[in-house]
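K.L.:
Given next are the chains, with one letter for each unit.
2 protein chains.
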Amino acid sequence: MHKFEKSDATSLSEMVLADIVSADTVTEYFLDCVELREQSIKAFVSFDPSRVRAQAAQLKKSHAKGLLAGVPVGIKDNYDTMDHPTRFYSPIYDDNCPSRDAHVVSLLRQAGAVIMGKTHTTEFAYMHTGPTRNPHDLDRTPGSSSAGSAAGMAAGFFPIALGTQTAGSLIKPASYCGLYAFKPSYGLVSLEGVKPLAPSFDTVGWYGRSVRDLALMAQVLIPGFPKLNHERNFRSFGFCRTARWDQIDEDVAKALEAAVEDLRSAGHQVSEVLLPEEFAAVFDDHLLINDCEGARSFSKELKMHPDKLSVELLAMFERARLTTWEQESAAKRRLARLAPVLEEIFRPFDAVLGASCGSVAPLGLEVTGPSDFCKFWMAFGLPQINIPLGRPAGALPVGLQVVGGFRSDCHLLQAAEQIDAVLRNGKHSATSTIV
Amino acid sequence: MHKFEKSDATSLSEMVLADIVSADTVTEYFLDCVELREQSIKAFVSFDPSRVRAQAAQLKKSHAKGLLAGVPVGIKDNYDTMDHPTRFYSPIYDDNCPSRDAHVVSLLRQAGAVIMGKTHTTEFAYMHTGPTRNPHDLDRTPGSSSAGSAAGMAAGFFPIALGTQTAGSLIKPASYCGLYAFKPSYGLVSLEGVKPLAPSFDTVGWYGRSVRDLALMAQVLIPGFPKLNHERNFRSFGFCRTARWDQIDEDVAKALEAAVEDLRSAGHQVSEVLLPEEFAAVFDDHLLINDCEGARSFSKELKMHPDKLSVELLAMFERARLTTWEQESAAKRRLARLAPVLEEIFRPFDAVLGASCGSVAPLGLEVTGPSDFCKFWMAFGLPQINIPLGRPAGALPVGLQVVGGFRSDCHLLQAAEQIDAVLRNGKHSATSTIV
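Sequences listed follow chains A and B, in order.
The numbers in the working numbering rise by one with no breaks, and the one at position 102 of the first sequence is 102.
The numbers in the working numbering rise by one with no breaks, and the one at position 211 of the second sequence is 211.
Watch out, some of these pointers could steer you wrong.
Identical copies look the same in the list; a pair holds intra-copy or inter-copy alike.
Heads up, simulated DSSO-like pairs for lysine-lysine below, C-alpha to C-alpha not over 30 Å straight-line [as the list claims (entries may be wrong)]:
{"hint": "1", "residue 1": "Lys254", "residue 2": "Lys61"}
{"hint": "2", "residue 1": "Lys60", "residue 2": "Lys3"}
{"hint": "3", "residue 1": "Lys308", "residue 2": "Lys61"}
{"hint": "4", "residue 1": "Lys303", "residue 2": "Lys61"}
{"hint": "5", "residue 1": "Lys227", "residue 2": "Lys303"}
In short, the hints are calculated from the structure, not lab data.
Bear in mind that the values here come from a model prediction, so they are computed numbers and not experimental data.
Whenever a hint applies, use it, and build me the whole structure from the sequences.
P.N.:
This is how it looks when you write it as structure tokens:
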């Protein structure tokens with residue numbers, strides 16, 4: 001039953017390609033995991049074991065050779081899929097059955113992945129939460145909006161999964177659920193077939209069981225992505241608290257500072273990064289742009305089905321209504337002017353470290369906590385990685401965020417691989433992703 | 001038969017809303033226009049008069065009250081539509097019937113517009129051309145890629161139409177076909193349901209029969225777009241030749257310079273704008289990024305159906321294959337650094353004028369000429385308008401391009417309205433859009 005519990009997607013596909021195990025053996029294992037815990041987790045909004053088995057059988061028959069041969073994957077329900085309805089957790093789209101797969105779903109299929117099902121998102125990947133529970137504590141949120149993909153990862157339903165991020169929708173659930181996550185640079189991955197929220201920020205991202213899984217997915221989903229050179233030696237990191245450090249829980253701060261100590265003990269230089277004061281406005285600028293763009297993105301739903309929208313979404317429309325065109329333009333202009341300043345700040349470092357979230361997963365399923373430590377970097381489209389920190393038995397996960405310069409995605413993945421290796425051998429070893 | 005030949009969308013909707021004419025009377029007129037010339041123009045890839053009549057009858061019955069009540073519209077075939085197949089002029093998508101409308105198609109329907117049909121695009125809005133002919137001269141291209149929308153406009157099949165632009169796909173056909181066209185600032189209009197080509201540049205745009213039509217469409221497609229204040233007085237314009245002025249045909253240069261003279265005679269200041277030398281690299285940087293992003297966008301089609309792609313698209317893949325990750329990053333970085341420089345250059349002016357194209361529509365249907373004068377501004381996401389210049393009887397259309405600062409879309413439309421009024425009263429009056 002637990003034979004693939006420790007296997008990451010990379011080793012699973014290697015075993016399938018080497019005919020050590022078959023795609024259907026792998027699939028049956030993960031179907032068993034779903035069977036065991038889905039009733040309490042509620043990761044899936046659409047799941048059909050027969051369709052999963054049909055894919056595995058087809059792969060076995062055709063001796064699939066892709067980079068993800070036989071690897072089960074969870075797909076957030078804001079990606080169009082031909083073989084599952086696509087509902088965005090909105091009653092408006094109860095009957096929506098897309099005619100084509102989203103771009104990245106096509107690429108996953110071509111690489112031999114097995115689509116396990118559609119995972120719960122919040123309404124339109126915004127704030128109104130679904131029924132999904134955090135496998136580490138069923139009374140807590142898994143985070144939002146990639147809730148089902150993150151909870152399904154933590155429950156062991158699949159070793160890789162797709163999410164999206166506009167503010168903190170990928171990294172926050174990774175932090176709360178103890179997952180490796182990668183949000184590439186803005187614009188690198190096609191959003192074809194993904195319902196837009198705030199197009200200035202919307203980005204495809206994914207979960208894996210290791211940093212190398214995150215890189216493997218990058219190879220599949222970003223054609224032409226440079227190959228990782230595992231021999232590189234990274235030395236110099238920044239540590240950036242941002243203007244919201246006062247919102248960090250003491251336990252989280254301690255865990256992050258311990259990780260920094262582990263890195264220093266291993267011979268790495270970690271320097272405090274102090275941002276100019278003007279960066280304190282970034283949080284509000286992100287919110288404002290998100291509101292205005294979101295209101296435009298869902299304007300047709302507001303006109304046709306105002307009664308079917310959540311109070312959270314209606315509040316966004318109301319904030320957008322009170323924001324002027326000039327205010328939105330000014331916010332965009334401020335971010336555009338700060339971007340090259342940040343680029344210079346990042347230049348001396350191989351990566352910049354910080355918090356993924358200010359707290360562990362909060363109690364309750366309806367509110368998922370602020371995304372400030374994620375959206376600060378989202379405002380500039382920078383690539384972000386969550387590395388789950390080690391923790392005592394029974395403690396809730398805490399994530400270390402590792403951020404790179406714009407389009408330094410490959411470099412960042414390499415740096416994260418090295419950081420992860422240090423932390424797993426340090427006093428504070430990184431955790432398994434499965435609970 | 002010709003009763004609505006001179007009516008723009010704004011006046012048509014006003015007449016429908018005031019019950020002066022009914023939606024079906026308007027529709028029948030435009031259906032007659034299609035009947036008369038479509039066989040030689042080939043604007044439509046999907047057209048069904050019965051579906052058009054059904055929409056008009058429904059609008060009449062429900063006394064539709066939208067801003068585009070009863071106004072026929074052409075939709076480029078790279079927008080998803082529920083009631084027409086969406087084929088992108090690619091045999092891969094012969095049977096593609098989307099489950100939902102693209103965002104802007106929904107907004108058009110909500111505003112009371114009548115979808116006339118899907119108009120020809122080049123393959124995936126890139127370079128491989130379709131059968132559409134230029135109504136001004138059937139032996140000439142209408143331009144690409146929004147070929148069917150532009151030709152249909154010039155042939156009088158509809159008074160407004162949707163296009164898209166990544167390099168020059170909207171403005172070039174407008175210039176060749178003698179149309180008013182508006183490409184808003186990058187990111188303003190939702191691309192949901194539009195097949196991506198190069199996401200850093202892809203933008204929704206449209207044609208109309210007047211500048212006020214362009215503004216009316218902005219009101220419909222950009223919720224929250226500021227209202228035009230027709231009383232503003234614009235005085236100061238730039239005139240920018242860019243580094244490609246040596247590619248301008250003499251007749252085009254003369255027409256543009258005559259328009260500038262008209263503006264000066266009417267009391268406007270038009271100053272020559274000289275760009276720093278580093279801007280000469282923008283053309284190649286746009287091409288390089290377009291190639292790399294295009295190759296990523298169509299990577300799934302390349303993998304699954306390489307035999308069904310055009311030689312033009314395969315050449316793009318080949319160029320992308322020979323481009324390194326670092327070259328693409330460097331190109332993006334150069335554009336990001338030049339954007340604020342350009343912003344400063346634009347600051348003294350209400351708008352910057354220039355050429356839309358270096359020539360009139362070339363002979364032949366397979367090649368549509370360079371898009372340099374369009375893509376230069378696309379590289380920075382600036383809003384662009386084409387104003388058709390007046391011309392002697394029988395002469396081919398020439399377009400004046402009017403460009404604004406980023407997100408100065410409303411200001412730009414107002415400036416264009418004033419420029420257009422001057423030109424229509426000047427020695428070189430602006431042309432009708434219908435031939």
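K.L.:
Work down the list of hints and note, for each, if the structure agrees.
P.N.:
Against the structure, the hints:
Taking the shortest Cα distances, Lys254 and Lys61 never come within 30 Å of each other, neither inside one copy (51 Å) nor across copies (68 Å). Proximity of Lys60 to Lys3 under the C-alpha cut-off of 30 Å is restricted to the intra-copy arrangement: shortest distance 20 Å within a copy versus 66 Å between copies. Taking CA atoms no more than 30 Å apart as the test, Lys308 paired with Lys61 passes between copies only; the shortest distance there is 26 Å, against 45 Å inside one copy. When the C-alpha separation of Lys303 and Lys61 is checked against a cutoff of 30 Å, the pair qualifies only between copies, where the shortest distance is 20 Å, while the shortest distance within a copy is 49 Å.
For the identical chains of this complex, Lys227 and Lys303 are inter-copy neighbours only, at 19 Å across copies versus 47 Å inside a copy, given an alpha-carbon limit of 30 Å.
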